[in-house]
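Student: Listed below, chain by chain, are the residues.
There are 2 protein chains.
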Amino acid sequence: MFNVVIVRYGEIGTKSRQTRRWFESILMNNIREALVSEGIEFKKVEAKHGRILVKTNKAREAVDVLGRVFGIVSLSPAMEIDAELDKINRTALKLFRRKKRELGLERPRFRVTARRITKEFPLKSPEVQAKVGEYILEKEESEVDLHNYDIEVGVELMEGKAYVFVDKIYSWGGLPIGTQGKVVALLSGGIDSPVAAFLMMKRGVEVIPVHIYMGEKTLEKVRRIWNQLRRYGYGGKGELIVVKPKERERILEKLREMKKEKYTCVFCKYMMVRHADRIAREFGAKGIVMGDSLGQVASQTLENMYIVSQATDLPIYRPLVGLDKEEIVRIAKEIGTFELSTLPEDEIPFIPKHPVIRGSWEEFRKLYRAVFGEEPRKRQC
Amino acid sequence: MFNVVIVRYGEIGTKSRQTRRWFESILMNNIREALVSEGIEFKKVEAKHGRILVKTNKAREAVDVLGRVFGIVSLSPAMEIDAELDKINRTALKLFRRKKRELGLERPRFRVTARRITKEFPLKSPEVQAKVGEYILEKEESEVDLHNYDIEVGVELMEGKAYVFVDKIYSWGGLPIGTQGKVVALLSGGIDSPVAAFLMMKRGVEVIPVHIYMGEKTLEKVRRIWNQLRRYGYGGKGELIVVKPKERERILEKLREMKKEKYTCVFCKYMMVRHADRIAREFGAKGIVMGDSLGQVASQTLENMYIVSQATDLPIYRPLVGLDKEEIVRIAKEIGTFELSTLPEDEIPFIPKHPVIRGSWEEFRKLYRAVFGEEPRKRQC
Numbered sequence: 001m002f003n004v005v006i007v008r009y010g011e012i013g014t015k016s017r018q019t020r021r022w023f024e025s026i027l028m029n030n031i032r033e034a035l036v037s038e039g040i041e042f043k044k045v046e047a048k049h050g051r052i053l054v055k056t057n058k059a060r061e062a063v064d065v066l067g068r069v070f071g072i073v074s075l076s077p078a079m080e081i082d083a084e085l086d087k088i089n090r091t092a093l094k095l096f097r098r099k100k101r102e103l104g105l106e107r108p109r110f111r112v113t114a115r116r117i118t119k120e121f122p123l124k125s126p127e128v129q130a131k132v133g134e135y136i137l138e139k140e141e142s143e144v145d146l147h148n149y150d151i152e153v154g155v156e157l158m159e160g161k162a163y164v165f166v167d168k169i170y171s172w173g174g175l176p177i178g179t180q181g182k183v184v185a186l187l188s189g190g191i192d193s194p195v196a197a198f199l200m201m202k203r204g205v206e207v208i209p210v211h212i213y214m215g216e217k218t219l220e221k222v223r224r225i226w227n228q229l230r231r232y233g234y235g236g237k238g239e240l241i242v243v244k245p246k247e248r249e250r251i252l253e254k255l256r257e258m259k260k261e262k263y264t265c266v267f268c269k270y271m272m273v274r275h276a277d278r279i280a281r282e283f284g285a286k287g288i289v290m291g292d293s294l295g296q297v298a299s300q301t302l303e304n305m306y307i308v309s310q311a312t313d314l315p316i317y318r319p320l321v322g323l324d325k326e327e328i329v330r331i332a333k334e335i336g337t338f339e340l341s342t343l344p345e346d347e348i349p350f351i352p353k354h355p356v357i358r359g360s361w362e363e364f365r366k367l368y369r370a371v372f373g374e375e376p377r378k379r380q381c
Numbered sequence: 001m002f003n004v005v006i007v008r009y010g011e012i013g014t015k016s017r018q019t020r021r022w023f024e025s026i027l028m029n030n031i032r033e034a035l036v037s038e039g040i041e042f043k044k045v046e047a048k049h050g051r052i053l054v055k056t057n058k059a060r061e062a063v064d065v066l067g068r069v070f071g072i073v074s075l076s077p078a079m080e081i082d083a084e085l086d087k088i089n090r091t092a093l094k095l096f097r098r099k100k101r102e103l104g105l106e107r108p109r110f111r112v113t114a115r116r117i118t119k120e121f122p123l124k125s126p127e128v129q130a131k132v133g134e135y136i137l138e139k140e141e142s143e144v145d146l147h148n149y150d151i152e153v154g155v156e157l158m159e160g161k162a163y164v165f166v167d168k169i170y171s172w173g174g175l176p177i178g179t180q181g182k183v184v185a186l187l188s189g190g191i192d193s194p195v196a197a198f199l200m201m202k203r204g205v206e207v208i209p210v211h212i213y214m215g216e217k218t219l220e221k222v223r224r225i226w227n228q229l230r231r232y233g234y235g236g237k238g239e240l241i242v243v244k245p246k247e248r249e250r251i252l253e254k255l256r257e258m259k260k261e262k263y264t265c266v267f268c269k270y271m272m273v274r275h276a277d278r279i280a281r282e283f284g285a286k287g288i289v290m291g292d293s294l295g296q297v298a299s300q301t302l303e304n305m306y307i308v309s310q311a312t313d314l315p316i317y318r319p320l321v322g323l324d325k326e327e328i329v330r331i332a333k334e335i336g337t338f339e340l341s342t343l344p345e346d347e348i349p350f351i352p353k354h355p356v357i358r359g360s361w362e363e364f365r366k367l368y369r370a371v372f373g374e375e376p377r378k379r380q381c
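Residue numbers (UniProt numbering), protein chains in the order written: chain A, 1 to 381; chain B, 1 to 381.
Derived from the structure by calculation, the hints contain no laboratory data.
Values in this document were obtained by computation on a predicted structure and should not be read as measured data.
You may find that some hints are simply not true.
Which copy? The list can't say, so a pair holds if one copy fits it or any two copies do.
To be verified - Below, computed lysine-lysine pairings styled on DSSO-like, alpha-carbon distance capped at 27 angstroms:
1) K333 with K168
2) K217 with K246
3) K168 with K325
4) K124 with K48
5) K325 with K48
6) K244 with K259
7) K58 with K99
8) K58 with K44
The task is simple: from the sequences and hints, build the whole structure.
Tutor: The following block contains the structure:
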């Protein structure tokens, strides 16, 4: 029935024509990648007057997949027909009836919204709306209500064609992946880090997922989380990089010896960022994403984040820093990582009973020197 | 009518009793500060069984003000009475009637939700619900509907008192300001930076607002923005710090001379962070907040943010980095800064026509040396 998907990507704040072109072409590539990798046949993907048209007879399936491509604001499975009033009327009626059945309404309220994107069609938009509305009213039990409608029939007219649709599915927005370079995302297996990575991906960043090994159970969990996340990664999806840290025993032993176990977590995070820093440089990534949210646990303090930030010259992006746990959980559920994040993981035997809450950089430096015999950051890991 | 406000602050993830106590005491202080500074009389603020009670005859007014205190999840203006079924019934009916009038409903659906916080009351919660529900049904045209209700009558029982209410106003959540230390917030006069500062405040951070002077019109605007933001700042509201940068002319001249005007914006932001860094150290602040959102304008790139981040050892917090403009605007409108941010400001005469999009750190260093004769960050500003 449908033969095209209308993809709308909004203004996205890139005003120059050149940037817009470039943006469009990346978005089109990501759309193609999404459809190809999900096995959805399509004839053509083309940019037209600020929207993208995906010609396909699998419009419904395509909409499902494209709902996970960033940079898209809304999607409509539509019928492309020649722009003749008669055809428009009949198509609109057909879609209207279908939607009416779907909603199970006896006398739906509706409105018609028409837009002439190019101006060759002889009737103006309000006239199209009136004509199509009258036609539907004649044929179907219904009433027009411009504000409280159950069904909105959309008609977009361009270049001699009409696009008729009754659904507009709102999507994630954001920017197409590949427009904003790369960052390394540290994935721990918890609820927060996948959400942080997701939000960066949403802003067009290609994410290089890195997991610092804790044990097989946690690794398996992180693999599943990344497999879920990469469903949003059309345009750039890397393989999970797993780092087995060699220095852990040495650090733990030394901290225990000095009775400074309370610094274990800060040390551990510092080393994670050191590894992320090294991988970022190898891959040409321009930053590191972390799932920190301020004050979520007692040890997520400005002081501890200061220490951890010293592990790299790269900016650390913390998109969750201003969010409450509730908001983070809501996103995690929406993107399908929440369930996975609550799967069992390896117990970490070395978490101290009372982790340091406001760690001191000076003290950390001293501990670092005691463990490694040199200044923090001098040492490669 | 109301004589108390029930303040709920949820679990907030601080599980140790000690942390909770400390958190409660800061929240109570912030509540007191809010009420005193808005001239709302109250008799007492006390913590009881995981909630805070504000005894006041100005409950409605208090709720308005407390809606801007972070750390609060929900608020109910309530009637505190002795915990006797008879009294509970009559109070519930009175509030029910009042709410019914307010909603203008003839036959409202309602439910009663009771909780025994302490257990001395002889009836269990479901019994209280049944009794109070029956009483209301007898006296008032209405029906019980546990799922689709127009009115919910709440009854909380503790220590021989009953708290009856019909409104539960959801609030910002977050953490009480003062629990998380201080950061410097750069306020430019645009839409984004106040939202970024707001989100950090919401997570319990005291914000030190800094504006780098551009002209009187912009300064006036930023003052108004900060006056709006500080309405959320009970618990720590600083005065706006205005920095008049002395080095601007020198930078502009030199960049022009070298035909590198395209670096003006990056240079300007770098210097802003240098100033923020100096002020942070003076005030003992542990980070800098900025309104950056990735890719919002062509020059908000990972590369340019990398350069700017080199201006400080402190972590730069960018709570908007994962948000779309639309989401930022929505928050700005909600907190009342949007209108102010769109007021006219001083034109900036030195914005280059084509700002650098992917700035290079090496090139920036060279330019910096050419302007100041030394390495970036060596120089104090």
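Student: Evaluate each hint against the coordinates.
Tutor: Comparing the hints with the structure gives:
no.	hint	verdict
1	K333 with K168	both (23 angstroms within a copy, 25 angstroms between copies)
2	K217 with K246	within (19 angstroms within a copy, 57 angstroms between copies)
3	K168 with K325	between (31 angstroms within a copy, 21 angstroms between copies)
4	K124 with K48	within (20 angstroms within a copy, 66 angstroms between copies)
5	K325 with K48	between (41 angstroms within a copy, 24 angstroms between copies)
6	K244 with K259	within (25 angstroms within a copy, 48 angstroms between copies)
7	K58 with K99	within (18 angstroms within a copy, 52 angstroms between copies)
8	K58 with K44	within (12 angstroms within a copy, 65 angstroms between copies)
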